[in-house]
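Trainee: Chain residues, written in single-letter form:
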Amino acid sequence: MNDHARFERRRRILYAWMLLSPALILLSRFAFIPTATTLWASLFSRGTRRNPSEFVGAGNYADLFADPTFAKVAVNNLIYAGVTIPVSIVIALAMALWANSRIAGRGFVRTAYFTPTMLPMIAAANIWLFFYTPGLGVLDQIGALFGFGSVNWLGRPETALWAVIIVTIWKEAGFFMIFYLAALQTIPPDLKEAADIEGTSRWTYTRRVVLPLLMPTTIFVAVNALINSVKLIDHLFILTKGGPSDASKLVLYYIWELAFAFFDRPQAAALTVMVLVVLGIVAAIKFTILDRRTHYQ
Amino acid sequence: MNVAILTYARPRLTLALDTVAGWTLAVIWIAPLVFAVWAAFHSTSDAVNFNLAGAWTLENFRTAWAGAPWLRYFFNSFLLVTVVLTGQLVVTTLAGYAFAQFQFPGRDVLFILVLLQLFILPEVLIVENYVMVARLGMFDTVFGIGVPYWASAFGIFLMRQAFKSVPKELDEAARIEGCSWLGVLWRVYVPAARPTYLAYALVSVSTHWNNFLWPLIVTNSETTRPLTVGLSLFAAPESGVNISVISAATIMSIAPLLIAFLLFQRQFVQAFLRAGIK
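From first to last, the protein sequence lines are chains A and B.
Counting in the working numbering, the first sequence runs from 18 upward without gaps.
Counting in the working numbering, the second sequence runs from 1480 upward without gaps.
For the record, the hints were derived by calculation from the structure and aren't laboratory data.
Any given hint might turn out to be false.
[Unchecked claim] Result set (SDA-like, lysine to any residue): computed pairs, CA atoms no more than 20 angstroms apart in a straight line: (1) Lys1647/B / Ala1671/B; (2) Lys258/A / Ala1715/B; (3) Lys248/A / Val1684/B; (4) Lys303/A / Phe1633/B; (5) Lys248/A / Ile106/A.
If we strip away everything but chain A, and leave its shape as in the complex, we get (with noise of 0.2 angstroms):
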């Protein structure tokens, strides 16, 4: 190898280091040491004039475990999650194969199941405010037509999860659609000739035709509903605070109520690296196991 060759890859090398640098930088600041000093911040009791702060090891761990809030938000995120993620999925498949026939007034059709993807949290929680609230609510005056009484959709613990979950399924169910409308377009339409040919029942060619085309969209589609159900937890800012006693309070919004209510750093990093670990098995299994089968790679 000449020297010239041999320059010229050192060259692109340090080429490359500089154009990854702002990258590397700002990932470095804000994802991967704030990782390191959440799980060093988990590690310390909290700090106070008279106490200071000492290691503590698993001390916060245990705390949390011990904690009945915890218990209780954990339990109301694998609901979030368990409801959210498999009812999103189905709405949006039937949304997309609705969206994808060829009824009259699809565009509007399509339109009125995205539109809600494009609104804040915080603005689809103000909306559906309208519906929830008691006494003058709009679910009240419906309920009122069948003869129910008034419920207090949100300040019932019975029903506070439910009214939060319902805001969520609003919210995701269209823009999941997009994704299996775009699936269902690549699917070659000889398929469907062929069924009709062999007199195979739509339920059927749907079952077993349809539905394992669109498996791989359907991995992608519920990685990110699973990711949503860590991360949309604005509404509850609106909706509820979490409450009545804690009924509808999610894991991400009682890391913010422990960091900033309750000033409780080291409780606060102690539940985070309880998140990220999940989701770091979340990546795990995508990365290794499921990626074979998706479109994205």
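The hints should help you fit chain B onto chain A, whose structure is shown.
Mentor: This is chain B only, laid out in the frame that chain A set:
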């Protein structure tokens, strides 16, 4: 003949059922928004009583407009999405170019580290990012809200994909013409990736126009607070504002993005698709 009618009628029946079902869901889905728009133009008592004959009024908008510094909030949001997008375009273009067209040791490991950020969400790291932003003296500034999003893993990924599909011949031709590395990037790669840039810009602007939690944490004054945070303060139950006025404020805040979306629907949907699928 009967058979012929049957096979002909069945698809038509299915289509009719599809139409009814598809439209029903569409009406249910859009109803809350339509109702909020309608309510914003009616008095509270008309709105909650479903009085369709009630008089149209702009009173709610007048009250809402007087209740908070909306013009400032609009400006702040506008400034925020500009700062975020500009920074993102520069940082992700440079990094995407490096990942797409350069060979260097550790490239693949580094790329996986970048992709990890898709899962280590900035939203989850709010506490320590707040500490970081405060330490850098950026608390309650537009840069404090925006800079953490500049090195978007998602953007780097998109740009890398777009640059990878640029034919090598174009690159070599430009090099022979005497273009520098940056010249090639600017003259060959960036123009070739124009659709990706448009898609990314639409996704980024709508994401950050709508973002709430992080701006809530790092802002503390009306000179930096974006619309979403302003709206949440305005609509907080403690503020005791009535629901029609809240509706008016909500409609006002979502109007710019919503109108842009309705006008350029195809581009927006394409953008989200491109961003998600590639």
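Trainee: Against the structure, test the hints numbered earlier, and report the numbers of the ones violated in rising order.
Mentor: Per hint list: zero violations.
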